[in-house]
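Since the structure of chain F is provided, determine the placement of chain L with the ligands on it from the hints.
One-letter residues, chain by chain:
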Amino acid sequence: MNKKMSLREAFGKALVKIGRNRKDFVVFDADVAGGTGTYHFRDTFPERFFQFGIAEQNMFAAAAGFSTLGITPIVTTYAVFASMRAIEQVRNSIAYPKLNVKIVASHPGLDTGPDGATHQAVEDLAIYRAIPNMVVISPADPVEVEKATEAILDYPGPVYMRTGRSPVPIIFDENYKFEIGRANTILEGEDVSLFATGIMLHRALEVAQYLRKYGIYCEVVNISTLKPLDKETIIRSAIKTKAVITMEDHNVIGGLAGAISEVLSYYEPTLMRTIGIKDCFGESGEPNDLAKKYHLDRDSIIKIVEETVAIKNKFMRGRKWKDLKIKYPSLLAQVEE
Amino acid sequence: MDKLYQKATKLRKLVLQMIHQAGSGHPGGSLSAVDIITVLYFYEMRIDSKNPNWENRDRFVLSKGHACPALYAALAEKGFFPKKDLFSLRKINSRLQGHPDMLTTPGVEMSTGSLGQGFSAAIGMALAGKYIGKNFRVYVLLGDGELDEGEVWEGAMCASHYELDNLVAIIDYNGLQSDNYNTKTMNFEPLVEKWKAFNWYTLEIDGHNIPQIVNAFNRAKRLKRKPTVIVAHTVKGKGVSFMEDNPKWHGSLAPDDEQLKIALDELDGKELITNE
Ligand SMILES: Cc1ncc(C[n+]2csc(CCOP(=O)(O)OP(=O)(O)O)c2C)c(N)n1
Ligand SMILES: [Mg+2]
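Those protein sequences? They're chains F and L, same order as listed.
Positions 11 to 347 (the numbering used here) are the ones given, in order, by the first sequence.
Positions 3 to 278 (the numbering used here) are the ones given, in order, by the second sequence.
The following block holds chain L by itself, in its conformation from the complex:
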C-alpha cells in the first residue's frame, strides 16, 4: 500500500510538471483521478507494456479524457513509452495529444475527450468481450459533471440490459465541473439511487483512500450478472492546497514557475523529476 501511495505522489508530480511545461491543461480533474488510476495501473489491471496489444489484457477507458496527464504519467511509469515524452504534452508533433488519441499513444485504449462517449465505448468493449468469450475486464472512469450527458444514461441502461459484469465504471465525484459545483450547474443527486435504479451494483468509497479503492475493485470482481459502479468521493485538485476544491483549477490553465514549486513542495518536498 505504501508503494501505491508513493506511486500516486510521483504521478501527481509528473502531472503538475507536464501541465506546467505544456502551458495549459486540466490540473484539477487530473489530480482528483490520480489515486484511482494508480490502483488500476499498478495493482488491479492485467496489462503488459511490452505487449500493449495483448488480446486478453484488461482495458481502461478514460472517459473524462481531459484528465489525460494522469493517464499518460501512469503509462510512462508503466513503460509504455519513454518518460521524456511526457514533457511534449500538447506540443506540435507530440505523441501526447491534449486529449487521448489511441492511434498515437501506446497504451491508450480509446480516443476520448468528448464527454459521455468513452463510457459507451467501454460498454462496447465489454459487450464484445462477452461475445467473443474472453474474460478480460473493462474499467471506465467518468467525471461527475460528465453525468449530465444523456448518453451516459443510455449507456447505463444498455450495460445492465446486457448484464455486463465484466464492466466497472468509476465516478470521480469531485463535486465540481467546468465552471462551478455540480449542484449549481445541474444537480444529479440522488446519484447512487440513480445507478441502482438503472440496475447496477453500487459501491461508495473515498477515492483517495487506496485500500478502499483496492477493496472496491476486488468486490466488483465477485459481483455477477450486473455491471458495477464505484462512486468515488474525491477532491478536485487533490494534493495541492491552492488547487483543492477550487473551480479555477479545472482548466484550461497551468501552474506558473512559482506555483509549481509550491505544489511540488507540498507533495513531498522533493525536487523536480528530470527528463531521463
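This is chain F alone, in the form it adopts within the complex:
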C-alpha cells in the first residue's frame, strides 16, 4: 500500500492502454479533460476524442444518438454535472432506450477537496441507482479502475462509473478479478462486516488490520458494483457476522447505505451502522481534513466499529432498545437520528 495514484489518473491511463487494442469506443468531454484524466486519451488518440464544450445536456443526448451506430461513447465530466446537470438526458435518451453509453465521472464526494461543495457530488450514486436499466460502479483503486473500464466496455448497456480526484493507495495486483455485479470479500472476519465502496475500501482495510491486534476481526467486502448488487455475498456476510457497517464517500441516503439496507431489511435484518456523509453538503479543504471533519477517517471508523461490535456482543441479545437507551444515551441518540 505504498504507491498512490488517483482514480481519475488511473482511468485516463487505462483508456489509452485499452484504446490501443480496441477501436470500438470514443471519448466525449465537456471541457474538463484535465480534471477527469481523459487528456491522456485526447493526446494519444485525438481523432477518437470529441470535445462538446461546456454543454453537458447536448453531450449526453448526442452520446445516445452516437451509440446507435455501434461505437461506444464514454462520456466524461464531473460527477455533479453527470448526475444532475444532464441527468434527464441520461434518463430519457440513454437509460430508457438502454443504449450502449458509458458515463464515467470524476470528482465524487469529499475526496474532491478544495473546490468545495459545488463540485463534490454527494448524491450521484443515489440518483443513478434509482434509474432503471443503469449499472452503477464505484471502483476502489487504480487497478480496479482499469479492470472495470474494460468490463464496462464489454457490457452492452448503460453504465455509470465513479472515479476519484485525490491519490489513493494501490490495493490490488494484476491478478485481481473484477466482474460487474460481484462483491469481493477482501478480508475474512467474524465480528463485523465492513461493506465499503470506492476510496473507502482502503480505509476499511487499514482499520480492519489495526483492530485485528485488539482482537476485533472485521470482514471487509468491496462493493464496487452498487447496482446490480451482489445480494448473495452481502447476505452471507451478514449472516456470518450479524453486524454490518457501510462505508461510502457519499450521502448515507440512497447510496451504499441505502442499497445494503434494502437488501438486508428484506432478507436478513441485521444490526447496521453507516459511515458516510450525513445528509449535508461538503466544503473546501484537503480531502484528509474533510474526511476527519465529516467522520470518514480512520479514527472515526474505528470508533464506530468498536461501538457496533459492542452493541452486537453485549446488548443486542435479549435486550430491548428501550433498555439500551438508558445505558448508552449518546449512542442511541445517533441511532435514532
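In short, the hints are calculated from the structure, not lab data.
Everything numeric in this text was worked out from a predicted model, so none of it was measured.
Any given hint could turn out to be false.
Said to hold, decoys possible - No more than 30 Å apart at the CA atoms, straight line, and that leaves these computed lysine-lysine pairs for DSSO-like:
1) K136(L) to K108(F)
2) K136(L) to K33(F)
3) K198(L) to K228(L)
4) K198(L) to K33(F)
5) K196(L) to K186(L)
6) K108(F) to K196(L)
7) K52(L) to K198(L)
8) K136(L) to K27(F)
9) K27(F) to K132(L)
10) K196(L) to K33(F)
11) K33(F) to K228(L)
12) K250(L) to K263(L)
13) K108(F) to K263(L)
The following block gives chain L with the ligands in isolation, referenced to the frame of chain F:
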C-alpha cells in the same frame, strides 16, 4: 406530387382516428408535421421497411416526440408494422407508446418526448456517421416551442462546429406551443438570423407545400460543410378547420365521435380507414 398529397391526407386521417381511439394525444402538432413527414418517408429518405436496421439507411428523429401519431402512421404505411397496430396507440401492452420508444416500435430511430433531446441525439448520429465514414443523412424535426430549450442551442453550436452537412433540422414553425402562441410564451424571433448566427445554412418554406419541401431537401444535399435548417411555416392542426391555429388542440385531448366525423369529412369526405 399528387401522390404525396394523397398520402398526406391519408396520414392525417389515420392520425385523427388513432388519437380518437386512444382518447388522448396531441392532434395539433401531429397535423402540422404531416406534410414534412410524408415527404421524408415517401420521397426523401433511403429506408427499407423489410430491413429496418440496414446500416446505411437515412435516419429520422422526431425530436418533438408528442407528434408521434404522424410518425407511426407513416411507418405503418411504409410497412414497418401492421396498420391495425395503429389503433393500439397509448393502450396497455401496445407497441405504440404515447411518445416514441425505439425499443418497441420498428422504424423509430430514437426514443423522444423530452423536448430538446432528440435534436442532440440526431447530432450524435450525424457525428458518428462522419466518424465511421458512412454517407447516410440524418433528419430531425423540432417544434418551434421546443426551441425554448437551452439544449437546442448547445446542439446548434455543436453541429456547426463539427460541420455536420449530413444533418438537416426542420422547424415545424406553427406559431403555437403548449399553452399559447410562441410570441406570448417566449419570443424567439428573429429566428432565421439566430440559426445563421449559429453558422447553419437556412432555408425558409411553406411547410404544407409539398414541392417546396421536396426542393428544400434537395437543396440541403448540395450544401456542404455546414448543417442546414429548414424553417417550415406551418399551421397547427392543419387540415381540420376547428383545430387550425387553436391552442386548445395542442393536447392532450382527442376528437370525440362527432368531431372526428366532421374532421374526416373536411379532409376528403370519405369514410373511416378500417383496421385491415
Ligand atoms: C423538456 C420538456 N418540457 C415540457 C414538455 C411538455 N410539452 C409537450 S409538447 C409541449 C409544447 C411544444 O410546443 P412545440 O415545440 O411548438 O410543438 P408543436 O407546436 O409542434 O406541437 C410541451 C411544453 C416536454 N415534452 N418536454
Ligand atoms: Mg409549435
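The hints, checked one at a time:
At roughly 24 Å between alpha-carbon atoms, K136(L) and K108(F) fall within 30 Å of each other, so this suggested pair holds. The suggested pairing of K136(L) with K33(F) holds, with an alpha-carbon distance near 17 Å, which does not exceed 30 Å. With a CA separation close to 11 Å, the supplied pair K198(L) and K228(L) stays within the 30 Å bound. The suggested pairing of K198(L) with K33(F) is violated, with an alpha-carbon distance near 36 Å, which exceeds 30 Å.
Under the criterion of a C-alpha separation no larger than 30 Å, the hint pairing K196(L) with K186(L) is consistent with the structure, at around 19 Å. A threshold of 30 Å between alpha carbons decides the hint, and for K108(F) with K196(L) the separation of about 34 Å lies outside it, so the pair is violated. Simply put, K52(L) and K198(L) have alpha-carbon atoms about 39 Å apart, too far for the 30 Å limit, and the pair is violated. Between K136(L) and K27(F) the alpha-carbon distance is near 28 Å, which keeps this suggested pair within the 30 Å criterion.
With a C-alpha separation of about 25 Å, the suggested pair K27(F) and K132(L) falls inside the 30 Å cut-off, and the hint holds. For the hint linking K196(L) to K33(F), the alpha-carbon distance of about 38 Å lies beyond 30 Å, and the restraint is violated. In summary, the hint linking K33(F) to K228(L) is supported, as the alpha carbons are separated by about 27 Å, within the 30 Å threshold. Restraint check: the Cα-Cα separation between K250(L) and K263(L) comes to about 19 Å, which is no more than 30 Å; the hinted pair holds.
Between K108(F) and K263(L) the CA atoms are separated by roughly 41 Å; this puts the pair beyond 30 Å, and the hint is violated.
Checked against the numbered hints given earlier, this structure breaks hints 4, 6, 7, 10 and 13; the rest are met.
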